[in-house]
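Participant: Residue strings, one per chain:
There are 2 protein chains.
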Amino acid sequence: MGVGTELLLGQIANTNARWISERLAAIGVDVLFHQVVGDNLERVVQVLRAALQRVDVVLVTGGLGPTEDDLTRDAIAVMADVPMVRHPQIEEMLREKFTAFGRDMPQSNLRQADVPVGMRTITPDRGTAPGLVAELPGGKRLYAVPGVPAEMEEMMQGTILPELAVLAGPATIVSRTLRSASLGESRVAEMLTDLFEASNNPSVAYLASTSEVKVRLTAKAEDVERAAALLEPLAEEVQRRLGDAAFTTDDETLEEVVGRLLRASGRRLACAESLTGGSVGARITSVPGASAYFSGSAVVYTAQAKRELLGVSQATLDGPGVVSQACALEMASGVRRLFGVDIGLSLTGAAGPEPHGGAGPGSVWIGLDSDDVSHARVLKVTGERDRVRRWAEQAALDLIRRYLERVPLP
Amino acid sequence: MGVGTELLLGQIANTNARWISERLAAIGVDVLFHQVVGDNLERVVQVLRAALQRVDVVLVTGGLGPTEDDLTRDAIAVMADVPMVRHPQIEEMLREKFTAFGRDMPQSNLRQADVPVGMRTITPDRGTAPGLVAELPGGKRLYAVPGVPAEMEEMMQGTILPELAVLAGPATIVSRTLRSASLGESRVAEMLTDLFEASNNPSVAYLASTSEVKVRLTAKAEDVERAAALLEPLAEEVQRRLGDAAFTTDDETLEEVVGRLLRASGRRLACAESLTGGSVGARITSVPGASAYFSGSAVVYTAQAKRELLGVSQATLDGPGVVSQACALEMASGVRRLFGVDIGLSLTGAAGPEPHGGAGPGSVWIGLDSDDVSHARVLKVTGERDRVRRWAEQAALDLIRRYLERVPLP
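Here the protein sequences come in this chain order: S and C.
Letter by letter, the first sequence follows residues 0 to 409 in numbering that gives the first Met the number 0.
Letter by letter, the second sequence follows residues 0 to 409 in numbering that gives the first Met the number 0.
No wet-lab data here; the hints were simulated from the structure.
These numbers were taken from a predicted model, which means no experiment stands behind them.
There may be inaccurate statements among the hints.
The list makes no distinction among identical chains, and a pair is therefore deemed to hold if it is satisfied within one copy or across any two copies.
Unchecked claim - Distance condition first, Cα-Cα at most 30 Å in a straight line; then the derived DSBU-like pairs of lysine-lysine:
| hint | residue 1 | residue 2 |
| --- | --- | --- |
| 1 | K213 | K139 |
| 2 | K96 | K139 |
| 3 | K219 | K139 |
| 4 | K213 | K379 |
| 5 | K96 | K213 |
Take these sequences, add in the hints, and give me the full structure.
Facilitator: Next comes the structure, spelled out in C-alpha cells:
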C-alpha cells in the first residue's frame with residue numbers, strides 16, 4: 000500500500016509496488032492487492048482498516064517523512080487506537096544524522112521520533128525516517144517504510160523480507176523466462192495456449208512489450224530442487240514449440256545474447272544506422288565489456304553522409320533511394336570496410352511521421368554483410384516513430400542473432 | 000483499478016495508473032485511490048464493490064482479453080447482478096478484424112463479444128477487446144478498458160476523458176514544468192523550499208529522475224485563464240531562481256530544446272560518441288524532423304576507430320589516453336570535419352564497471368568544437384554503468400544547449 004498524493008496525481012510512478020512484489024514472489028509470499036491512497040488521514044485510516052481485514056500482512060510505503068503531509072505514523076496510531084510517544088533514542092539518532100550532514104535539525108523532523116505505543120521501529124541507514132512494525136490483534140502484522148526507493152529497499156532487505164520469509168515457510172518460487180522478438184503476443188499465445196490451460200503449477204504468463212514477448216514459467220514448491228523439477232519439462236516443451244524464434248531461455252536481453260554469441264564466435268561487429276540514430280549501438284554497448292566484439296557505428300542521417308562515409312553509390316541514392324535493399328546492403332558492406340570488422344549490420348528506413356526517401360512511415364530495410372553472407376530484409380511497422388525505431392532495433396539485433404546461431408534468416 | 004496477477008507478481012509495472020492519473024489531474028478529476036487485484040473473480044468483485052462505495056467513478060484496466068484468465072467482464076456482471084449477452088455486431092467486428100489480420104478467429108475470442116446486460120461498449124481501434132461503460136445505481140459510473148497501454152490510451156482519449164471532463168465541470172488544473180539537467184534534487188529543493196512551503200495553490204512538486212530534476216507547478220481554478228493567472232508569478236520566480244540551469248519552462252525534453260535551438264540557429268550538428276555507444280544521436284533523432292539539423296554520429300568504441308575515423312592523434316592515444324581533454328577535443332573537431340557540419344560534440348569516458356584508458360569508472364570528458372568555441376569539460380559520475388551513460392548524455396546535450404543559448408559553459 001502506497002501513501003502519497005503525488006502518486007494519485009501521476010507525478011511519479013509507483014515503482015515500489017513492483018519492486019516489493021517481485022521480492023515477495025521470490026520468497027513465496029502471495030501478494031493479493033496493491034493500493035495507493037493520498038495524504039489524507041481519514042482515507043489512509045480507512046484503507047488500512049480495510050486492508051487488515053482481508054490479508055495477514057500489510058506493507059505501507061511512504062508518508063513517514065518530516066512534513067505535515069507525512070501522516071502514515073498518525074494514521075497507524077489512529078487505526079490501532081493507541082497514543083504516540085516520542086522515543087528519545089530515535090531523537091538522538093536524528094540529531095546525530097543532522098550533525099553528520101553538517102546541518103541543524105529542523106524542529107519538524109522531531110515528528111520522526113514519534114512512535115505509536117507498543118510498536119517496533121526499524122532504524123534507517125540512508126535516510127532519517129524510521130520504519131514501523133506493528134503486531135496487531137488476530138495475528139495480523141503491519142510494516143511501514145519510507146517511500147524513497149533506496150530507503151524502502153534497505154529496510155525490506157535488512158528486516159522485512161527476512162521476517163516474511165520465516166512467516167511464509169519453506170515455499171519457494173522458481174521462474175524461467177523465454178523471450179522472442181519475432182513473434183507477436185497472439186501468435187505466441189496460440190502456440191502455447193493448451194499448455195497454459197493444462198498447467199497450474201508451473202503457471203505460464205505472457206508479457207508483451209513493444210516488439211518483444213516474454214513467456215514466464217513459474218513453479219512453486221517446498222524447495223528450489225523440487226520447483227526446478229516441476230519447471231524443467233514444461234520449459235523444454237515451450238522451447239521446442241517456439242523453436243528458433245526464442246532468443247533466450249534465461250531472460251537475457253537481445254543485446255546480451257548478441258554479445259555472448261559474438262564473443263563466442265571471436266568476430267567483431269560494426270553498425271550503420273540511419274533511422275535509429277545510434278540506438279542499436281547504444282543497446283549493444285549497454286552490456287559491459289562490449290568493446291571485445293563491437294568497434295562502433297556510423298550514424299548516417301543524411302544521404303550525403305551515407306555516400307561520403309559508407310560509399311553508398313550515387314546510382315542507389317538516385318535510383319531505389321535511401322530506403323531500399325540496395326542501400327541497406329551497401330551500408331552494411333561500407334561500415335564493415337570502414338571499421339575493418341567481420342560483420343556489418345545496417346538499418347535504413349522511414350521512422351515517421353513523414354515519409355522519407357520515397358518510402359512510407361514504418362518501412363525499414365535491415366542489412367547484414369559478412370564474408371559468407373550478404374542479406375537484407377524489409378520490415379513494415381505500423382504506429383508511432385518510437386515504435387518503428389524500437390521494432391527496427393529488435394529486427395536488426397535478431398538478424399545478427401540468427402546469423403550467429405546459424406538458423407534461417409527472415 | 001488494475002486487474003492482473005502479473006502486476007501483483009511484479010512482472011510488469013502498472014504504468015497505466017500513472018498515465019491515467021496524470022490525464023485525470025489535467026481535467027480536474029481528483030483521483031482518490033489506486034488499486035490492483037489479481038485474476039480472481041471473487042476478489043475482483045469484492046474490490047469493485049468496495050471501490051464503488053467510496054467514489055463516484057471507477058476505472059478498471061485489464062482483464063478484457065480473450066483468455067480464461069480475463070474475467071473483468073464476468074466480475075462486472077456479477078457485481079451488477081446482471082446476465083451477460085452476446086452482441087452480434089461486436090462478434091462481426093471481431094471476425095472482420097481477424098480477417099484483416101489474415102487469420103481465423105479462435106473460438107475463445109468470442110468471449111470478447113459478451114456484454115453485461117444494459118452496459119455500453121467502446122469499440123476498439125487497435126486491439127480486439129471492447130471497453131465497457133456501466134451506469135450504476137446512485138449515479139455511480141464504471142469504465143473498463145484493456146490493460147495493453149496503447150488500447151487503454153485510445154479509449155481514454157477517444158471516449159472516457161471527454162466524458163469525465165463534462166462530469167468534472169469547470170474546475171481546471173494548469174501545470175507548468177521546468178526542468179534542469181545540471182542541478183541535483185536537494186540543491187533545487189534548497190533553492191525553492193520557501194516557495195514550496197508558502198504556496199498551496201499553485202502547488203510545487205519536485206520530480207527527480209536520473210540526471211534530471213523537474214519542478215512542477217500546478218494551479219487549480221474555475222477556468223484556464225484564472226489558473227494561468229495564479230501560476231504565472233510563481234513560475235517566473237522559480238525560473239528567476241533556477242536561472243540558466245533550467246533548460247525548459249515548458250516540460251520539453253533536453254533533445255527537443257537542443258533541436259529547437261539548432262533549427263533556429265540554422266547550424267548542423269554531428270556527434271562523436273564513445274562510452275554512450277550512440278545514445279546521444281538516438282536521443283537527438285527521437286525528435287521528428289531532426290534531419291534538418293543533425294547529420295550523424297561516429298560511434299568510435301575502440302582507440303583504432305578514434306584514430307582512423309576521427310584522426311585522433313597517436314600522441315594523444317599514447318599520452319593522456321582515450322579518456323582525456325585532448326581526446327575529447329580531437330574527437331569533436333574530427334567529427335565536425337568528417338561530416339562537414341558547424342558543430343561537433345564528443346563524449347569519451349569510462350562507463351564502468353571496469354576502468355578504461357587509465358580512467359576510473361565514471362570519468363567522462365565532453366567536447367564541443369565550432370568555428371567560435373573549442374571547449375571540453377570533465378564529469379565524475381558515481382554509480383552504475385547505465386547511470387554514468389545517462390549523466391554523460393545529459394551533460395553533452397546540456398553543453399550544446401548552453402552554447403547555443405550563449406550562457407556560460409561549465
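Participant: Could you run down the list of hints and mark each one as holding or not?
Facilitator: Each hint tested on the structure:
| no. | hint | verdict |
| --- | --- | --- |
| 1 | K213 x K139 | neither (36 Å within a copy, 38 Å between copies) |
| 2 | K96 x K139 | neither (33 Å within a copy, 50 Å between copies) |
| 3 | K219 x K139 | within (24 Å within a copy, 41 Å between copies) |
| 4 | K213 x K379 | within (22 Å within a copy, 37 Å between copies) |
| 5 | K96 x K213 | between (42 Å within a copy, 24 Å between copies) |
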